[in-house]
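Going down the list, the protein sequences come from chains A and B.
If you count the first sequence from 1, position 603 lands on 603 in this note's numbering, and the numbers rise without skipping.
If you count the second sequence from 1, position 55 lands on 1055 in this note's numbering, and the numbers rise without skipping.
Be aware that one or more of the hints could be misleading.
Stated by the list, open to error - Okay, derived cross-link-like pairs now, DSBU-like style, lysine-lysine, Cα gap no bigger than 35 angstroms in a straight line: (1) K1008(B) with K240(A); (2) K1029(B) with K199(A); (3) K1029(B) with K1065(B); (4) K493(A) with K672(A); (5) K238(A) with K1008(B); (6) K332(A) with K557(A).
As the list claims (entries may be wrong) - Short derived list, chain A residues pointing at chain B, Cβ under 7 angstroms: (7) S166; (8) P169; (9) F172; (10) D177; (11) L182; (12) M188; (13) E190; (14) V193; (15) V194; (16) V200; (17) L203; (18) L206; (19) P208; (20) V266.
Hints were generated in silico from the structure; no laboratory data involved.
From a predicted model like this one, the values you see are computed outputs, not experimental measurements.
The beta carbon of each residue, even a glycine, is placed where N, CA and C say it ideally should be.
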Amino acid sequence: MNESNRFIEEFCHEAEELLSGVEDAVLDIEENPGDQEAVNRLFRAMHTIKGSGSMFGFDAIAEFSHHVETAMDKVRNGTVPVTKTLIDLILVSRDRITAMLAEANGDGPPADPREGEKIIASLKALLSSHGAAAPDENPPKETPEQASEPAKPVQQNQAVYRIRFSPDPDIFFTGMDPVILLYDLADMGECSVVAQTEKVPDLENLSPESCYLFWDIILTTAKRINAVKDVFVFVEDKCKIDIKTVEEEVITSEQMPGPRLGDILVERGDIDRKTLDKQFGTRKKIGERLVESGALSKEKIKSALNEQTVVSKMHKSAAASTVRVPSDRLDKLINLVGELVINQARLTQVASNREDTDLGESVEEIERLTGELRDSVLNIRMMPIGTTFNKFRRLVRDLSSQLNKEIELVTHGAETELDKTVLERLDDPLIHLIRNSLDHGVEPPGLRELKGKPAKGTIILSARHKGTNVVITIQDDGAGLNVDTIRQKAVEKGLIPENAELSDKKIFAQIFAPGFSTAKEVTSISGRGVGMDVVKRTIESLRGRIDIDSVPGEGTKITLILPLTLAIINGLLVSIDDDFFVLPLMSVEECVEIKSKEIEMINGRNILNVRGDMVPYIRLRDRFHMGNRRPEKEHIVITDVNDSRIGFVVDHVIGGHQTVIKPLGPAFKNIKDISGATILGDGTVALILDTNVLLESA
Amino acid sequence: MISGNQDKNGNLVIKIEGSLSAYNAGDIKDRLLTGFTNHQGVILDINGVTECDTLGIQLLLSARKTAEMLNKTFNVTGDSPSVQDMLTGLGLEAEDFPCVLKED
Chain A
1 MNESNRFIEE FCHEAEELLS GVEDAVLDIE ENPGDQEAVN RLFRAMHTIK GSGSMFGFDA
61 IAEFSHHVET AMDKVRNGTV PVTKTLIDLI LVSRDRITAM LAEANGDGPP ADPREGEKII
121 ASLKALLSSH GAAAPDENPP KETPEQASEP AKPVQQNQAV YRIRFSPDPD IFFTGMDPVI
181 LLYDLADMGE CSVVAQTEKV PDLENLSPES CYLFWDIILT TAKRINAVKD VFVFVEDKCK
241 IDIKTVEEEV ITSEQMPGPR LGDILVERGD IDRKTLDKQF GTRKKIGERL VESGALSKEK
301 IKSALNEQTV VSKMHKSAAA STVRVPSDRL DKLINLVGEL VINQARLTQV ASNREDTDLG
361 ESVEEIERLT GELRDSVLNI RMMPIGTTFN KFRRLVRDLS SQLNKEIELV THGAETELDK
421 TVLERLDDPL IHLIRNSLDH GVEPPGLREL KGKPAKGTII LSARHKGTNV VITIQDDGAG
481 LNVDTIRQKA VEKGLIPENA ELSDKKIFAQ IFAPGFSTAK EVTSISGRGV GMDVVKRTIE
541 SLRGRIDIDS VPGEGTKITL ILPLTLAIIN GLLVSIDDDF FVLPLMSVEE CVEIKSKEIE
601 MINGRNILNV RGDMVPYIRL RDRFHMGNRR PEKEHIVITD VNDSRIGFVV DHVIGGHQTV
661 IKPLGPAFKN IKDISGATIL GDGTVALILD TNVLLESA
Chain B
1001 MISGNQDKNG NLVIKIEGSL SAYNAGDIKD RLLTGFTNHQ GVILDINGVT ECDTLGIQLL
1061 LSARKTAEML NKTFNVTGDS PSVQDMLTGL GLEAEDFPCV LKED
């Protein structure tokens, strides 16, 4: 890749990040039109896109974003109010820039220039209707210096607030202890509190029930300034509260390791520039000099020093947290670590066969280190699911207005982390499930009111960790699944016999059959019945499970259970003759020992009686044509696959095994019931079984 | 409960049990003042303090200031988790009260 290509790619990456921020900001503004901070974020993002766009020669993008930027500037000044039209226009503009970027990047169809002109025309019309001048025809070309504005640090959503809180002297009479507020602030983020004691008088003059203390607080938090203000909402009438955002320029300035103490003090108004300058004759640290000369109290300096530390730290972490690594390099690293883990297991086994304490000790150390290495390498691939969740806000907004429904998307657990590969492949299934909820689940507002539900429907999207799995649920408060309709449809399609006695859950599971749709009419959003089977297949290919729960009239809840990562599997190691197999531990329920004779008795039906439950089973020995040398005692591993209990008969159950998965390679790509392989400590290969496929073929 | 004795250096030792807070700040203030007027200084034993609030801490700060002004001794001795928690919560450091953390 040549230099200029790299820059272009870099620009596209940055722009994509900014654009996803734009979407967030727009939706924030829609929810809360007074959110000045979001307006500013939006403005800055557009400004940066414009700047770097013109620097890299994407004049069309620069020009287009200039118009949006102008509009946002008017919003910022309060000339143009936030309306639905504006929000829609900004969102369309955002999509337009995305399309232009894709074109510039060479992986999209050429964007139609007329469409862009249309958007610009609407923007201008909107602005002039509010008496604001339309943007300049020719955006001023930015010089590269201007354009290369500080690339916003990754944690741009983190802000540093400087708070001076001087409580009302009589605050204690209201029964409020200011320390409670300080605790509240500490809960919001990284908080450093310095008490200012200079106003506390001596005992003679002290009124023991009055508050003389005041505080300087430096708070680093992702919360908005309004949330910070909310902490003081009950005391703000009487107390002096001063909240300032520490200037971003200070944080992002590149030349300096951090702001200078003197500057901070002047900016805070603790000291004027003159007094400060006077101190510059001597060589001591500025803080010490100021205290000695009595110009400032020790606490004042301490509090400013605190701010200096926080800001410098932020500056440093901003620089450190933006390492971008191509994912193929990461994959290679993970592969190597996988090999290392396998070889280490071998080494451990070899060492345990020799009675050499020295060797044993160092091997143990290597074992520990490899384990840590494996965990931290896998951690690199972990990404919070929040980015995926954010995409759905737009989806829900657009679809609900298209369907004339009012729907709110609530998300929980956005910080839950998942392997990048898993996350990427989750997009489509989740979109599909959310669309279903929107379209089939949540009823139109009128119908909802008739049923006594709030007109606004809610879809709750949540993610959480559960052991080594991640559980994602999509829950709506809509109509729920209609058991009878599904049953009837399934019978029509010949999926279930007409008189079959099935639990509700089993009937719900029918919607995963290919081509299954109960929607009376096909809409552009869903109802074609292509989808749920694909969703299920995708989830299963990620070694996950999907569950449906539904209560008629109350809603549907779809639960996805996924492994944290695809690179490692928690398995149960079993053996047949001298061959080893791994069953995913996630689906294993229990292991039962059976005598060869017992099986013989009920043979022919391949069903086993486990404490009164009839469990069908597959004898893996027969399935894989492994001969007939069955041992006296066999073991049956009972698993729960798609809500059916099924047993796998093996010779021996060896135990739990956390293994690094190796793909089988292209030669074996047609073997469906084996999803991969792993190498055991002694070098033998164990095959990982795909229980879903085995069940289907049974 | 507040009780006082004089130690060998002529300091008044004030022992506080239970509360060092808005409820008895007035009482403790009077005790401290008497101590500073009639004795070499004041040693405040906070071993038994189980409850402490911002006013309690503010009283300690004021006492320290008074002692500095009158050139008298003021020491806080003993270990009280509630006092320590309050100090941390208010953004004061233990070094502000050198004796708080040390057992005498």
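Here is what the structure says about each hint:
no.: 1; hint: K1008(B) with K240(A); result: 47 angstroms, violated
no.: 2; hint: K1029(B) with K199(A); result: 17 angstroms, holds
no.: 3; hint: K1029(B) with K1065(B); result: 13 angstroms, holds
no.: 4; hint: K493(A) with K672(A); result: 26 angstroms, holds
no.: 5; hint: K238(A) with K1008(B); result: 48 angstroms, violated
no.: 6; hint: K332(A) with K557(A); result: 38 angstroms, violated
no.: 7; hint: S166; result: 13 angstroms, violated
no.: 8; hint: P169; result: 11 angstroms, violated
no.: 9; hint: F172; result: 6 angstroms, holds
no.: 10; hint: D177; result: 5 angstroms, holds
no.: 11; hint: L182; result: 6 angstroms, holds
no.: 12; hint: M188; result: 15 angstroms, violated
no.: 13; hint: E190; result: 14 angstroms, violated
no.: 14; hint: V193; result: 3 angstroms, holds
no.: 15; hint: V194; result: 5 angstroms, holds
no.: 16; hint: V200; result: 5 angstroms, holds
no.: 17; hint: L203; result: 5 angstroms, holds
no.: 18; hint: L206; result: 5 angstroms, holds
no.: 19; hint: P208; result: 4 angstroms, holds
no.: 20; hint: V266; result: 23 angstroms, violated
Hints 1, 5, 6, 7, 8, 12, 13 and 20, counting from the list given before, are not met by this structure.
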